[in-house]
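**Student:** Chains as they are written, first to last, in full-length UniProt numbering: chain A, 1 to 354; chain B, 1 to 286.
Calculated from the structure, these hints are not laboratory results.
Treat the hints with care, as some may be off.
To be verified - Partial pick of chain A residues on the chain B-facing surface, computed with a CB cut under 8 Å:
#1 His81
#2 Ser85
#3 Leu99
#4 Pro101
#5 Met108
#6 Phe110
#7 Phe116
#8 Ser128
#9 Arg132
#10 Pro135
#11 Ala156
#12 Gln167
#13 Glu188
#14 Met300
#15 Tyr303
We treat Cβ as the ideally placed atom computed from N, Cα and C, and that holds for glycine.
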Amino acid sequence: MHLKKIAETPDAPTIPAQPTVRQATKGHRFDVELVAVTKRYSATTTAVDDISLRIPRGSYCCLLGPSGCGKSTTLRMLAGHESVSEGAILVQDVEITTLPPIQRGTSMMFQDYALFPHLTALENVAFSLKVRKVPKEERLKRAREYLELVQMDNLANRLPNQLSGGQQQRVALARSLITRPKVLLLDEPLSALDPFLRTRMRAELKRIQKELGITFVHVTHSQEEAMALSDMMVVMNDAKIMQAAPAREIFETPENAFVAKFIGGHNVLVSEGRAVSVRADRCRIGAQPGMRTAKGEITMIEYHGPFVQISLAGDSGDDLTAVMSDAEYFAQEPRIGDRAAISWEASSEHELVA
Amino acid sequence: MTVSPKVASWLQVAPMAFVFTAMVLIPLGIIFVVSFLDYNFAQVFPEIYMGSWQDALYSRLTVDLYLTVFKFLLITLTITFAIGFSLAYFLVFHVRSNGMRLALLAAAAIPFWTPGPIRMVSWVPLLGKEGLVNQALLGLGLIDAPLDWLLYSQFAVVLAYINLLTLAMLGPITHSMAKIPRSLIQAAQDQGASEWQIIREVILPLCKPGIAIGTIFICTAVLGDFFIVKIMSGGQTNTPANAIATELAAFQYPPAAAKSVMLLVVVVILVSVLLRFVDIRKELQR
C-alpha cells in the first residue's frame with residue numbers, strides 16, 4: 001500500500017515548511033484542544049459560545065448538530081478561515097489560534113470540494129507543491145502517489161467538471177492530504193453524495209483515517225453518519241457543546257433531553273417526577289406487569305425490515321417510540337389510530353440533566 | 001392554437017433576423033458593392049473601379065493608420081486591464097457588503113452620465129495650457145512652462161479612452177471574479193498559497209472569460225471610434241475609422257466603403273480570436 005509509505009516517511013520533502021510551528025512533542029495526548037473558544041459576529045450574535053474540547057490523538061471526531069448550532073463555525077475557526085473572538089486553539093500542544101491556515105497543521109476538505117476548475121485532478125493535488133516551488137516532475141510524481149491513495153490515478157488528467165461528485169471528492173481528499181496535515185478537517189463531506197456512494201465513501205474515510213493515523217474532524221448533521229464513524233462524538237446545539245464522548249456513551253447515557261432527542265432512538269419523558277430517556281428498542285408495545293408504562297395513540301408505523309418502528313402521540317404530550325422486531329410486530333399487528341401502551345423496565349431509564 | 005416547437009423557435013428568431021437582415025446585412029452588402037465602383041467629387045458611377053481597394057490595401061497611409069490605432073488599442077488595453085483587474089479584485093474580495101459593492105460599481109459608471117461632447121469639453125479646464133494640471137505642476141515648481149502635450153495629443157486620446165473604457169473592462173472582470181466560490185480561495189490558502197500566488201494561479205485564470213469579453217468591448221470601441229480621437233487629438237491624429245469619416249464628409253463613398261469593409265474584417269478577426277478564450281454560452285448559463 002502506497003499509503004503506508006507516505007505516512008511513515010517523516011522527512012519526506014513534501015512536509016510543508018512550518019517555520020513558526022515548533023515540532024510537536026512526541027508525547028502529546030491531544031491532537032486538538034479548544035480552550036474556551038468563542039465566536040461573536042456582533043454583540044448579539046454568538047455563533048460559538050465558550051466551548052472547550054479535547055480531541056485525543058489519532059481520533060475520528062464528528063461534530064454533530066442541527067444547522068446553525070455552530071459546528072461549521074468551530075471547524076472554520078480550527079482551519080483558520082474564521083477568526084476566534086476569544087479563547088485559544090491548540091494543535092498537538094502548539095497554539096495556533098491566529099496562525100494562517102498552512103502553518104496550523106490543519107487541512108480542510110470543503111463541502112463543495114473547492115477543486116480548481118481550470119486545473120486537472122493531478123494539478124489540483126500538486127497545487128500545494130507548486131506554490132512551494134517544488135520542481136514540476138517531482139510534484140507531479142508526488143501528486144500521483146496521493147491520487148493512487150484515493151484510487152483516482154486513472155483519471156489524473158481529467159478536469160473537475162469531467163468527474164462525478166464522488167470522484168471530485170476523492171481528488172479533494174488527496175489534495176488535502178498531500179500537505180501532510182496533523183488534523184484533517186471535513187465540512188459535511190458526504191452531504192452532496194447519493195446514499196449509496198455516501199456509505200461507501202464513509203467507509204473509505206474511516207479506512208484512510210486509520211491508515212494515516214491522523215485526527216479527522218468531521219462536521220455532519222447526520223447522527224447516523226456520526227455514529228458510524230466517530231471515536232469521539234461532539235453533539236452541539238445553540239453555540240454550545242451538549243456532550244462530547246464516544247458514540248456508545250452518548251447513545252447509552254445521553255446527557256440531556258436535546259442529546260437524547262437529536263441522536264434519535266430515544267423516548268424522552270417524565271417518570272416518577274424525573275426527566276428520563278429510555279431507548280426505543282427497550283420499549284415494547286402493550287402494558288406488562290412490573291414495568292413502567294405510558295399510554296397513547298399510534299400515529300405512525302414504519303417497517304424497516306428486521307424491525308418495525310411504532311410512533312405514538314402520548315397522553316402526556318410526549319412523542320413516544322417503540323421498536324419491535326418484525327416477528328413481534330406481525331404477531332400483534334397494531335394499527336394506526338389504535339390506543340396502545342408502551343412499557344419498559346425501570347432499569348432502562350436513564351436520568352437526564354435538565 | 002398550438003404551434004410545433006420548430007415553428008415556434010423560427011417565430012422567436014424572426015423579428016431579430018428581420019432587423020439584422022434589413023439593417024445590417026443588406027447595408028453591408030451595399031457597402032461592399034459600392035467599394036468597387038468609380039466616383040468623382042459629386043457622384044458614384046456604376047462602373048468597376050479597383051482604385052479604392054488598391055489604395056486601402058497597399059498605401060503607406062493605411063499601414064500608418066492601423067499602426068496608430070493598434071498603438072492606442074494596446075496601451076488602452078494594458079492600462080484598462082491593470083485598473084479594471086485591481087478594482088475588480090478590491091470590489092469582490094475586499095468590499096464586505098453587497099450594497100457597498102454595487103454602489104462603487106455604479107460610481108465607476110459616472111463618466112457615462114454626461115453626453116460625449118460635454119465630456120470632451122470638460123477635459124479642457126483640467127488638461128489645457130491654463131488647466132488645473134499645468135497650474136499645479138507650475139505651482140509646485142516641477143515645470144517651467146506649461147506642458148502642451150496634455151491636451152490635443154495622442155496622450156489625450158489614450159487618456160480619454162482609459163477614462164471611458166475602464167468600465168468595459170471592470171464590469172466583465174468583476175462578473176467573472178464574483179463567480180469564483182470563496183471556498184476556492186480558502187482552499188488555495190490551505191494549500192499555502194500567498195495572496196499573490198492566489199491571484200496568479202487561481203483568480204487570473206478563472207477571470208479569463210471576463211478579460212476576453214472586456215477586451216472585445218474595448219477592441220470594437222477603439223477601432224470603431226472616430227469622435228474621441230478627432231476631438232482629443234485636436235484633429236492631428238488619424239485612425240482608420242477617422243479616415244473613413246473624413247472621406248464620407250468629402251462624399252468619397254467608394255474609398256470609404258473599401259476601408260470600412262477592411263476595418264470590419266480586422267474587427268471580425270480580432271473578435272473571433274478573442275472568442276476562442278471564452279465560451280459565451282457557458283457565460284450566459286450562470
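**Student:** With reference to the structure, classify each hint as holding or not holding.
**Tutor:** Here's how the hints hold up against the structure:
| no. | hint | verdict |
| --- | --- | --- |
| 1 | His81 | holds (5 Å) |
| 2 | Ser85 | violated (17 Å) |
| 3 | Leu99 | violated (12 Å) |
| 4 | Pro101 | holds (5 Å) |
| 5 | Met108 | holds (5 Å) |
| 6 | Phe110 | holds (4 Å) |
| 7 | Phe116 | holds (6 Å) |
| 8 | Ser128 | holds (4 Å) |
| 9 | Arg132 | holds (6 Å) |
| 10 | Pro135 | violated (16 Å) |
| 11 | Ala156 | violated (18 Å) |
| 12 | Gln167 | violated (17 Å) |
| 13 | Glu188 | violated (12 Å) |
| 14 | Met300 | violated (39 Å) |
| 15 | Tyr303 | violated (41 Å) |
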